[in-house]
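Student: Chain A is fixed; fit chains B, C, D, E and F onto it per the hints.
What follows is each chain in one-letter form.
Number of protein chains: 6
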Amino acid sequence: MIAVYPGSFDPITMGHVDIIHRISVKFKTVHVLVAESTDKVYMFTPEERVSFLEQSLSDLNNIKFHLTSGLTVDFADELKADVIVRGIRAVSDFEYEMVMANMNKNLAPKLETMIIFANPKFNFVSSRLVKEIASHNRDLKGLIPDCVLSAFQKKFAK
Amino acid sequence: MIAVYPGSFDPITMGHVDIIHRISVKFKTVHVLVAESTDKVYMFTPEERVSFLEQSLSDLNNIKFHLTSGLTVDFADELKADVIVRGIRAVSDFEYEMVMANMNKNLAPKLETMIIFANPKFNFVSSRLVKEIASHNRDLKGLIPDCVLSAFQKKFAK
Amino acid sequence: MIAVYPGSFDPITMGHVDIIHRISVKFKTVHVLVAESTDKVYMFTPEERVSFLEQSLSDLNNIKFHLTSGLTVDFADELKADVIVRGIRAVSDFEYEMVMANMNKNLAPKLETMIIFANPKFNFVSSRLVKEIASHNRDLKGLIPDCVLSAFQKKFAK
Amino acid sequence: MIAVYPGSFDPITMGHVDIIHRISVKFKTVHVLVAESTDKVYMFTPEERVSFLEQSLSDLNNIKFHLTSGLTVDFADELKADVIVRGIRAVSDFEYEMVMANMNKNLAPKLETMIIFANPKFNFVSSRLVKEIASHNRDLKGLIPDCVLSAFQKKFAK
Amino acid sequence: MIAVYPGSFDPITMGHVDIIHRISVKFKTVHVLVAESTDKVYMFTPEERVSFLEQSLSDLNNIKFHLTSGLTVDFADELKADVIVRGIRAVSDFEYEMVMANMNKNLAPKLETMIIFANPKFNFVSSRLVKEIASHNRDLKGLIPDCVLSAFQKKFAK
Amino acid sequence: MIAVYPGSFDPITMGHVDIIHRISVKFKTVHVLVAESTDKVYMFTPEERVSFLEQSLSDLNNIKFHLTSGLTVDFADELKADVIVRGIRAVSDFEYEMVMANMNKNLAPKLETMIIFANPKFNFVSSRLVKEIASHNRDLKGLIPDCVLSAFQKKFAK
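Chains as they are written, first to last, in this note's numbering: chain A, 653 to 810; chain B, 653 to 810; chain C, 653 to 810; chain D, 653 to 810; chain E, 653 to 810; chain F, 653 to 810.
Chain A on its own, in the form it takes in the complex (with noise of 0.2 Å):
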């Protein structure tokens, strides 16, 4: 099966990669697509967004990044992905991810979205909160890649 795992990844954090280690296991393929959307104001340039995830996940080999700027289900297909992968953290993300499960599945029957919970430790870890800790120059080790850490103490330096 193949698969295809969106997000911002603004940045990737600890729970990013827990969830990606753990389908590369289960899937042939692991597409993770980048959003690049207009409309969106990210911290990080979409090139520093994929270079982190590589740097992160360079112990895997059956994972592709792509940067995207259209719909999920459009990506989707041209990669020939059977499923979309969504990781939750929150009943309030579950509403979310089922209101665009069901959109998704009326765009593009054949494709299931799937999803998996996020491991309990990294429960509190989203990357909008990571930039708020760390833009008060606060330690996020063990929350966070260390590239991303690095990344974060040069943007905040005093």
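Be aware that one or more of the hints could be misleading.
Identical copies look the same in the list; a pair holds intra-copy or inter-copy alike.
Taking lysine-lysine and the BS3-like style, the derived pairs with C-alpha atoms no more than 30 Å apart in a straight line are [as the list claims (entries may be wrong)]:
1) K807 x K716
2) K680 x K716
3) K692 x K732
4) K680 x K762
5) K807 x K680
6) K732 x K716
Think of the hints as simulated: they come from the structure by calculation, not from any bench. Fair warning: this is a prediction, and the values are worked out from it, not measured in the lab.
Tutor: Positioned in the frame of chain A, the structure of chains B, C, D, E and F alone reads:
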């Protein structure tokens, strides 16, 4: 990939039928595990529940049915399954599934739980509610397979 | 418009009283359906439950009380009701009500379910909790009608 | 009974059409209030939004459309409305509606808010998501009225 | 025990007043931290927000007010606080608070977050909603302190 | 401050151990109330449940254990407690706790309920689930104290 899809199926509904059809396309084999717990009171015998499954899914040929009274993780191990698949209809199901998935991950670290969302049009169709309505002799055509419809009619005929 | 307002009312609380007052102003007639299920264990007999309702709502003259053991939709049909009204106190009630409303819509397409929110000050007042507290001989004045207060005192007098 | 049904309708979806049809049967008059807030950015002008509503609901003759920038309770008062009707698709909508209903009850004690549940088959159809998908030139037939379909095609034609 | 109670207080509502009264009885000192974030747009200046707090809570003498732009955990450390106290009004607040509490535990393992529930009668009273209603010149007596009432009247006088 | 921490503890899990450790540091005394309800069926006797608590928490010296069959608020009053402490693992616990806290506030206005969040790594560890898994002879090391591990092994040895 080999999947186990555990449940009580007391009785199977069109919600289950829809999910099993969708996953049978994706996985090499789907092992449907029919729970036989001594703690629970079922309306239908294990043999009836399996028979309804067989009749409702006779068009699929990569599905196997098993009666089980043990832990899903143990049976999954025996069957060399890669994933446990669960369908979710509602937010209130979600937390139960998250707890079970995390516990199962703890018991069997290599097995993953994957969630797929029920078809919205069967969102209100649970085995429990279907039994309650059927006991009042109301027609449930379209919500349960025909064999279950007949079984209900026989059981609740006045 | 004619409404049915179904429930167990075991016993009626000030939360129910508040909701019935509010809907009695809006609807031509409100039929209060008092469930009499053989599967459930009630603290008060159907007659006691109806009597508490009558005493607590004697100031309203467009309310009728009915004991019912069938489906709400069937009784609503007999009474030529336009809507089922349900009160919600909490998010956890919400999904149950959504499932029931969707199932009822499937059984009786012309009948609508309308939800109104319980008064926040009775947010924590459920029949179940009120019985539990009363069994410990605590005063529940203001949370239940006086007739229920007396019934509890008699039942749990040492 | 007279109802107000407030919303942004940017644009109207088949979920809204379904709800307005269902309530138009129950209420003497349904006043659809189309919000015109200076704080919000809309994709369609107030006039376009009203026009889509008129075209999509031309078969109903007890519906009136109003542009409003004030509080719903004030407009409801002017229109001598008995209830505010709101549709709910998901648990996450529910708490917002409960807060608004309680606040509105505080501002206008005689006005009640009544909730009806969206048709499950339109469960994933929100104005926001529909706009996002349409901007990628995907077909949304069946999820939005034809007049909105045309407007999207014109807007996003390459 | 020393507590910090962080918030935006833009402006303080009777919900906040109630919570601060309740915790001031329990803790030796309550440090109210008034957030001054450069990312957020406030209706009232930091000085106004602190002044409303001081006027509304002048009857308590173990409360101190601080303007802060840093992380709560850092300020709590400086103030030798034992716990962060947060009030919760709704389920949707809950997950945000759980995530923040877990992250803060990670940053400051000895500091605990304790949650208390808002008084149900102020369940629908948020700073955001209060501002929106006030901008339409509606009376909010009983939901906000008198000093805030006057400030709103001045700000929104026609 | 004096706290009561009520529960069934049938049996104590590492989730409870973690919470009791964290609150024992903050409060002068923590009274652990072990429920002995005639309505509930427990796996372990009250004496066993208290004994597991004592063995698992023998390193703490400001903790006292009490068997109780009454209301928590009554016992808290006798013990001159300032707060009831409860741990929450999930959103679904949250509403139950809010209802109980509001009811307890009604019964004992000076007593506050304070909630702390369970350690995410014990998020899936409930007494109920632990008993179910143990009955299938699976190892739960790390999720329950050693004394409970032994008790399970004795009870479910084949």
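Student: Hints first: check each against the structure and report whether it holds.
Tutor: Now the hints, each set against the structure:
1. K807 x K716: For K807 and K716, the Cα distance is within 30 Å only inside one copy (27 Å; across copies 34 Å).
2. K680 x K716: Both: 11 Å inside a chain and 24 Å across chains, each within 30 Å.
3. K692 x K732: For K692 and K732, only the intra-copy Cα distance (27 Å) is at most 30 Å; the inter-copy one is 39 Å.
4. K680 x K762: For K680 and K762, both the intra-copy (18 Å) and inter-copy (16 Å) Cα distances are at most 30 Å.
5. K807 x K680: neither (37 Å within a copy, 40 Å between copies)
6. K732 x K716: Classified as both: same-chain Cα gap 14 Å, cross-chain 27 Å, threshold 30 Å.
Of the numbered hints stated above, the single one contradicted by the structure is hint 5.
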